[in-house]
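Sequence lines, in order, name chains F and P. Under the working numbering, the first residue of the first sequence carries the number 1, and numbering increases by one thereafter. Under the working numbering, the first residue of the second sequence carries the number 428, and numbering increases by one thereafter.
Simulated from the structure, these hints should not be mistaken for lab results. Treat the hints with caution; some may be incorrect.
To be verified - Per label pair, the in silico range of CB-to-CB distance:
{"no.": "1", "chain 1": "F", "residue 1": "Pro279", "chain 2": "P", "residue 2": "Pro553", "range": "22 to 32 Å"}
{"no.": "2", "chain 1": "P", "residue 1": "Asp431", "chain 2": "F", "residue 2": "Arg175", "range": "41 to 51 Å"}
{"no.": "3", "chain 1": "F", "residue 1": "Leu76", "chain 2": "P", "residue 2": "Ala660", "range": "52 to 62 Å"}
{"no.": "4", "chain 1": "F", "residue 1": "Ala230", "chain 2": "P", "residue 2": "Leu504", "range": "41 to 51 Å"}
{"no.": "5", "chain 1": "P", "residue 1": "Phe581", "chain 2": "F", "residue 2": "Pro279", "range": "14 to 24 Å"}
What the hints assert, rightly or not - Computed from the model, here is a short list of chain F residues facing chain P with C-beta under 10 Å:
{"no.": "6", "residue": "Gln280"}
{"no.": "7", "residue": "Phe281"}
{"no.": "8", "residue": "Pro289"}
{"no.": "9", "residue": "Val290"}
{"no.": "10", "residue": "Asn293"}
What the hints assert, rightly or not - If you want the ones that stay clear, here's a sample from chain F, every Cβ over 12 Å from chain P, calculated:
{"no.": "11", "residue": "Ser19"}
{"no.": "12", "residue": "Tyr32"}
{"no.": "13", "residue": "Asp42"}
{"no.": "14", "residue": "Arg43"}
{"no.": "15", "residue": "Trp180"}
{"no.": "16", "residue": "Glu206"}
{"no.": "17", "residue": "Lys256"}
As the structure is a prediction and not an experimental result, all values here were calculated from the model. Glycine included, each C-beta is placed from N, C-alpha and C at the ideal position.
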Amino acid sequence: MQAWHFSETAYPYLPPADSYPSIRVSLPNKHYDPEKGAALYDRYLKEWQIAEEEGLNIMLNEHHQTATCVDPAAPLMLAALARLTSKARLLILGNPAANRRQPVRIAEEMALIDVLSRGRLEAGFVRGVPYEISPANSNPVRMNERFWESINLIVRAWTNHDGPVSHEGRFFHHRNINIWPRVYQTPHPPVWVSTTSAGGARQVGEKGYVQATFLTGYQATRKIYDSYRAGWRASGFGNDVPIDRLAYAAIVYVGKTEEEAYRGAEKLLWYVTANKVAPQFANPPGYVPVEGNVAMMRGASHPLSEFAKGASVEAAIKAGFLFAGTADQVYEQFKRHYGYVGGYGHLLLMGQAGFLEHDDTVAGIRNFARDVYPRIKAEFPDTTISGTFADVPPEPPSHALLSRPASMGVPVLDARPMTPLGAARGA
Amino acid sequence: MKRDVIKLGETEVEVHEEGSGHPVLFLHGAGGFNPKEPHVPLIAQHRRIICPSHPGFGKSALPDWVDNVDDIAHMYLDLMDQYGIANADVIGCSMGGWITAEMLTKAPERFGKVVLVSPVGVKLGPVDKLDIPDIYTMSPPDVPKLLYHDPSLFPFDPSKLSDEELSVFMRNRESTALFVWEPYMHNPKLPHRLYRVTSPTLFIRGESDGLVSAQYVEGYAKLFKSSRIETVAKAGHVPHVEQPAAFAKLVNDFLG
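So that you can see chain F by itself, here it is in the shape it has in the complex (with noise of 0.2 Å):
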């Protein structure tokens, strides 16, 4: 079991949500100042070091024109990241290729990464939410073709050391390919892709990259991973899927007591419920298949945005995307949710977001490190294969349920008009 930090490096100094339609795309930057966002920096960079000396791995991510996540160029601070660390592998999940317009400029920055950091990039790639349409002016439609036509190219430019090869595309053209540096392992960085589709999921498998997923809790978990060794075997890379090509991304807080650990939990959910999106920006046309929309005209709705609308840590917890209480809860939590699904060798904690101040989130860190890694290290090997099932209820054990303490007052969560959130809605 790999475990990785994952901050989003938001921007929460905000005004009141419903003074603005759309916290992505539209929301003006007049309201971010620049030197409380240089501190916020600091303070994001710091805890990535903290958390790689207490022996994670460092995950982060690109959005654009947002405050939910002030990183819209990613490999500069991976590439910042690089220098700060020295031990920690540095995942980049990932870089927006279906709106990039040119994929061999990203495999010469995951390659200058690489060199950099001496060969620990990560190299993740993922479709993008629908938010990123606008700010990339990117055509919402034939996205996951562009999309893997971008990710074949830069593999085939990290992996080519023998003077200019040509691609001409259906989407990508380059005549002369011969990327300096070429990357530090090889035959190139691991890849990374992810999807909260069992489709997409499937893709990914035939590829043999690694399989992310977000706080997609226990059946679609179990689907999507399925259909990734579906797409793996049929891909001939054997029967055995190994543990290590399955990712599973939770909003985790771990804490010294119940109370502790459900004021730090409630902070996060603010990566839920802060994300208010206007409808034009979450569902651009083409972006949701055409059977997608007409289910949703007839009413359905994403899981996430139906549980935006109660959040609660109590049932953000049985719905398996929030890892919350003491040590003893999140490693209960924890085991209950890998068994069910069949196991993965990625746990990406998403241990920061909106107002979890610097101390509390170094808390969740060190106490998630010291308290429960050590443990799901040793039960949950590398060397295991994915897909060994518990026969377990898709939900946690009763036992290791957080409430809400007593001594604490009303929810600080209150009612805005929700939309899925970030990378929940990737390829």
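Guided by the hints, dock chain P onto chain F, whose structure is given.
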């Protein structure tokens, strides 16, 4: 009245045909072609009206290689060949007007009279201002206010549509995005090619059109050697839908 599926190259395209006489092509806008719209029979009383659904619209296929209005213009020249039509009049609405303009620049000699209804396709204004408002960044309820003079007469109620109709609606929406996304609603080269057009051209604009401004239509019309502009009262971006009788009269009088 008949409905056919024909092959243009390898692309299957659905074509609705009605009436008799000198042929007139009717090229629909982003909403797709709907034979129930009353302007269709009003024109078919006088003329043979041929109404293809663009690739990706209605039941027409959308091959992987098709992603540009220019592609559609080539296909419809082929459609005229297959139908044995040496010369036709043409009516193009909105995005269909753009397709029409592209066809005119390719084979001006094959067109008689041309009607462009709230057409898009050119960029006339400054770089820092969109000529056509961005329908993709607007709140969805605001879009009908630009399309219709009286949006209350055209409520969108998915519960009244079958799954098949709703699928067509969603697919039309997706295909529109594919074709108009970038450059937004225009081909930068088109204004420089329109000098080739010889057809007498009637521009029609609804007076309440919130997408295509009067200034835009005036600038567009100036790119044509022989053009005039008519404004339809109590109509927005789709005057043929909102004021079919007034629209059909203008068109029939012009086509003669």
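- List of violated hint numbers, smallest to largest: none
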